[in-house]
Amino acid sequence: MDTFLAWASILCIGTGVFLAVTGAVGIFRMPNFFTRLHAASVTDSGCACLLLFGLMLQSGFNLPTIKLCFILIFFLISSPTAAHALSKTALSCGAQPTPSPREER
Amino acid sequence: MNGIVELIPSVYAGASLALLAVMGSTLVRAILGPTAFDRVMAVNMFGTKTVLLLSLLGFLSGRPDFLDIALVYALVNFLSTIAVLRFFEGRPQSVQQCSDPDVDHGDSHDVDSDASTPATVTEE
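Chain order of the listed sequences is A and B.
Mind the numbering: the first sequence is residues 0 to 104 in numbering that gives the first Met the number 0, read in order.
Mind the numbering: the second sequence is residues 0 to 123 in numbering that gives the first Met the number 0, read in order.
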């Protein structure tokens with residue numbers, strides 16, 4: 000059982016770190032503000048969920064798991080809210096989501 | 000049989016190093032960012048990765064008391080992002096360094112009245 004939990008948490012943490020690196024590449028390679036926001040927000044949610052779930056599997060049923068649950072629930076609420084507020088403020092300030100991203104890098 | 004369980008701290012260390020690299024590149028984006036919103040987005044992502052790094056370091060050093068600090072940091076990070084966005088709302092000059100300068104920001108926001116009434120966030 001310990002071996003299974005260790006493999007599961009290593010899988011979760013590895014996938015979360017892979018998503019984090021993908022987001023870091025995405026905010027450099029994407030051409031536009033809104034596409035960069037897409038890369039950052041998607042990988043924020045996925046990376047946080049997978050990493051915290053992997054840590055939960057290692058912790059067992061005790062107080063740190065409850066704290067990790069709190070952090071996870073707060074991330075699930077706040078990360079899409081922050082992305083929505085960012086894109087809404089950018090639109091109201093006049094940033095246009097242009098569909099021709101190739102030449103304006 | 001027991002080798003994979005002993006591999007867990009090195010997994011934590013590797014994940015922490017990768018998160019540090021991600022945070023460094025996020026800071027580079029925050030410095031380079033063409034618009035102000037790129038910088039806000041990068042700072043928000045930096046805060047998220049800081050919370051994850053704090054959790055990982057707590058488990059790496061065997062003291063999960065760092066989770067309290069991570070929780071407080073998550074709350075403060077979200078509030079600071081919303082506050083900075085509230086400051087920028089209705090100020091079209093904050094995207095002046097936008098990548099295509101020929102887009103006309105022609106919407107008629109009155110900047111002063113919008114900035115002086117803080118209850119107009121959810122309108123329009």
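Do not rely on the hints blindly, as some may be mistaken.
Selected chain A positions facing chain B (in silico; Cβ < 8 Å) [claimed, not checked]: (1) 6; (2) 11; (3) 14; (4) 37; (5) 39; (6) 41; (7) 43; (8) 45; (9) 54; (10) 72; (11) 79; (12) 83; (13) 96.
None of these hints come from the bench; they were simulated from the model.
Using N, Cα and C, we set each Cβ at its ideal position, and we do this for glycine too.
Results of checking the hints against the structure:
Hint status for residue 6(A): holds, given a least beta-carbon distance of 6 Å to chain B, under 8 Å. With 8 Å as the threshold, the beta carbon of residue 11(A) stays out of range of chain B, its nearest partner Cβ sitting at about 10 Å, so the hint is violated. Proximity of residue 14(A) to chain B is violated relative to the hint, the smallest CB-CB distance being about 11 Å (cut-off 8 Å). The restraint placing residue 37(A) at the interface with chain B is violated, with a minimum CB-CB distance near 10 Å, outside the 8 Å limit.
Below 8 Å, beta-carbon pairs count as interface contacts, and residue 39(A) has one with chain B at about 5 Å; its hint therefore holds. For residue 41(A), the interface hint is violated, the least distance from its beta-carbon to any beta-carbon of chain B being 11 Å, above 8 Å. At a threshold of 8 Å, the smallest CB-CB gap from residue 43(A) to chain B is about 5 Å, leaving the interface hint in force. For the restraint placing residue 45(A) at the interface with chain B, the shortest Cβ-Cβ distance is roughly 11 Å, beyond the 8 Å limit, so the hint is violated.
With a least beta-carbon distance of about 6 Å to chain B, the hint placing residue 54(A) at the interface is held under the 8 Å criterion. At its closest, the beta carbon of residue 72(A) sits 10 Å from a beta carbon of chain B; the interface hint therefore is violated under the 8 Å criterion. This hint is violated: residue 79(A) has a C-beta 11 Å from the nearest C-beta of chain B, more than the 8 Å allowed. The interface hint given for residue 83(A) is broken, as the beta carbon of that residue sits about 10 Å from the closest beta carbon of chain B, more than 8 Å.
Interface hint status for residue 96(A): violated, as the beta-carbon distance to the closest one in chain B is roughly 11 Å, over 8 Å.
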